[in-house]
Amino acid sequence: MASSPSTLEHAQTAIRESRPPVTDDLTYLTIVQSHLSPEILPALNDVLQDVELTQRIGWDLVHMLLPLPGSAPCLKTVARLGNPREVILQVTEALRLLDLDQPVEEEDTDAAGEKTAETGDAKETEKTEQAEPTRDALVASPTPAETPEPTEVDKFCLLVSMLATLHPRIKTKYPSRFLSASLMAILSSYRPSSQATHAITAFAQTLSGNKRPPLPTRKSSLSIQNLTIASDEKDEKAPDPEAAAEDPKEEAIQKKLVQSFVTHIIELYVKDNSLDWSARLQEHFAPDKIVPGKKSFGEAFREDLELQEREVLLGKLVALARDVGLNGADYVFNAPEQDLPTPPNESDSEDFSPTSPEDVPLSFTGCLFLTANAVFSSVMFKNTNVNLPALTIFPSLSILVQKFIGTNGLETSGTESPPILDAILSVGLWLEHTDKFVSGSLDPADYLQLLQTLSLVSANCPEPTLRHAAHVLTSNILHAHPTDRLRLNFISDTLEHCPFEPLRASAVGWLKEELVRAHTRKSDDLFATPAAVAALQPYLFPYESVLDAETDSELWEDFRRTFPFHMAALNLVYFLNSEEYKSVVPEGSMSVIEEVYLQPIRTAKTRLEKVLKEGGELEKEVGAEEAKQGLAEPRDPNPPLHKAGARSETAHQTDPANNPAILATKVTSLARSTRYQQYAAHQAEYRARRLGDGSPPPRGARGYGISLSPSSSSPSPPPLLSISQTHD
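Quick note on numbering: the sequence shown equals residues 4 to 731 in our numbering.
Simulated from the structure, these hints should not be mistaken for laboratory data. Treat the hints with care, since some could be wrong.
[Claimed, not checked] No more than 25 Å apart at the CA atoms, straight line, and that leaves these computed lysine-lysine pairs for DSS-like:
no., residue 1, residue 2
1, Lys-585, Lys-515
2, Lys-385, Lys-439
3, Lys-585, Lys-525
4, Lys-406, Lys-439
5, Lys-385, Lys-292
6, Lys-515, Lys-292
Model the full structure from these sequences, guided by the hints.
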């Protein structure tokens with residue numbers, strides 16, 4: 004509630020007339036604190052224009068004034084005239100005390116909107132019930148008291164703006180020590196909201212020494228309260244009372260500190276604000292694959308104001324990196340392994356005081372984001388100012404993958420932060436699209452390792468757009484290698500050892516693509532002969548009878564788990580049955596597939612149908628409704644295949660992966676084919692060799708590892724094929 008005029012006048016009089024030398028500094032601070040309210044801030048600001056007084060007491064006012072609405076002018080005066088060393092210590096301490104982890108910004112915005120609406124309604128009611136207030140009454144209204152209290156983000160912006168004024172004022176032998184402490188305090192408190200990022204870009208621009216004209220204004224739906232302290236060169240700034248000559252090495256150290264700070268801010272901002280680089284590049288490179296009637300990523304970033312705001316803020320940060328002479332790509336590809344960035348939130352880094360530029364590491368991830376943004380800008384915005392080294396998939400992309408993906412073990416590939424994967428995939432898609440495949444010699448082990456890691460990303464990543472991008476990149480790199488034996492080796496290894504059924508389904512797709520390419524180009528490699536299909540037949544159509552399941556529930560679960568692979572395999576059989584590709588099918592293979600692979604699946608399908616019709620254990624576990632849906636007759640027993648990541652709702656509902664009945668229908672249709680009735684004597688011999696004692700080694704027993712030579716524990720290829728004899 005606003006103070007009465009008499010109380011306000013009394014407080015203002017006390018603030019003005021009690022200042023030293025009438026009282027001592029401590030007594031005066033006590034008087035200020037006892038009368039502190041938003042209404043007396045203008046009077047206090049007048050008092051603080053006394054440079055000598057502000058240098059003595061200004062640092063004590065930081066914590067006192069920060070929570071108060073409308074305190075920005077006073078804090079600006081403290082930053083301009085107070086002792087810079089002492090005030091900086093108070094500001095950095097206040098930054099570390101902020102609690103920005105609660106998502107209060109949106110809540111406060113909503114609350115402010117509701118309060119504004121309520122106030123508006125109240126005012127409308129007053130207009131109808133009371134006479135219009137006089138001008139004198141309006142002037143006397145205590146409007147400062149109605150100003151809402153600053154949020155934690157507001158306080159953060161105020162403190163950062165104070166640092167922008169304070170640091171240029173410090174004249175000491177080692178200013179980097181103050182700068183390092185301030186930057187670490189900002190990083191420990193920074194949460195990547197638009198308001199906070201605006202404040203940081205203004206602060207970093209002051210440190211860089213480059214003055215840029217403001218960006219053109221654009222309409223925005225975001226309500227960002229500008230609580231930063233505007234820089235006014237005409238305002239008096241008191242000199243440092245303890246000024247000393249600066250050490251010659253300090254300029255280089257401070258420059259490296261600012262570079263490191265910018266890269267860490269970019270890392271934190273992009274990790275919290277996805278830019279979808281890879282998805283937008285895919286749309287640009289393959290516009291024919293955009294789903295009609297569905298808003299593309301490119302359209303979203305052109306029309307959505309919040310997404311536009313993300314790009315504007317990142318553009319400011321990238322410009323800052325350029326101003327301080329930072330080239331992220333050089334650091335990403337040339338930094339030594341031991342030169343890793345210090346996490347900004349570690350408590351032991353608060354007293355970090357570098358003695359040389361080499362002591363200050365950049366953010367590895369921030370430099371990766373700078374590199375990805377440079378690639379994206381050069382393609383989408385035709386940015387000719389991008390400075391990138393000569394990059395190729397091998398070794399450049401391979402280096403990125405090794406440094407960022409699967410660093411905690413190959414099995415974790417794809418679980419990294421989505422923006423990191425997005426950045427790496429965008430660089431890879433660009434290199435593949437521009438045919439920048441390799442520079443120098445290529446070790447087959449490096450090639451296979453890159454394929455394996457990217458394929459695991461396509462299986463493990465929780466983001467569907469990134470999974471699709473990883474699949475596309477893996478497929479294109481696989482098909483680009485000139486050695487057919489190496490391509491076949493990777494497909495075979497994936498089919499045999501990969502524990503992820505969707506990835507094994509992808510391997511079936513890779514085989515199909517290789518067969519199509521060989522047929523279209525009329526090549527004479529392995530994929531133009533029956534050798535490829537024969538070599539992969541034991542893994543494409545394995546003897547893994549689902550009838551081994553002891554219970555109906557286990558049978559159902561196994562059926563659903565392996566569904567993606569079985570659908571891909573059955574579609575491949577249809578594909579191989581066509582007239583165009585009969586020449587690549589080994590003689591008599593279809594009869595083996597019928598007996599070894601299709602018959603057990605068909606038997607399992609019959610068993611499940613019977614169990615679900617009778618009800619019982621399975622119906623209780625999976626639910627009656629789901630059980631009925633699973634065996635409902637589909638409208639289209641052979642639906643068209645759809646591109647990953649580009650499916651309509653109708654396509655999703657009729658997709659085989661969402662309805663096990665389609666698999667059952669396909670199995671029944673295949674069983675009626677006349678090609679499955681052709682048996683050959685030598686296939687019986689093959690089955691005996693292939694199955695042995697009926698217990699082939701379990702898939703994934705060796706882990707999903709790449710080997711350039713067949714494992715001794717792997718089953719032998721069928722007698723129809725010996726790769727070393729068929730193709731050298």
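Here is what the structure says about each hint:
no.	hint	result
1	Lys-585 / Lys-515	13 Å, holds
2	Lys-385 / Lys-439	19 Å, holds
3	Lys-585 / Lys-525	15 Å, holds
4	Lys-406 / Lys-439	20 Å, holds
5	Lys-385 / Lys-292	22 Å, holds
6	Lys-515 / Lys-292	19 Å, holds
Of the numbered hints given earlier, the model fails none.
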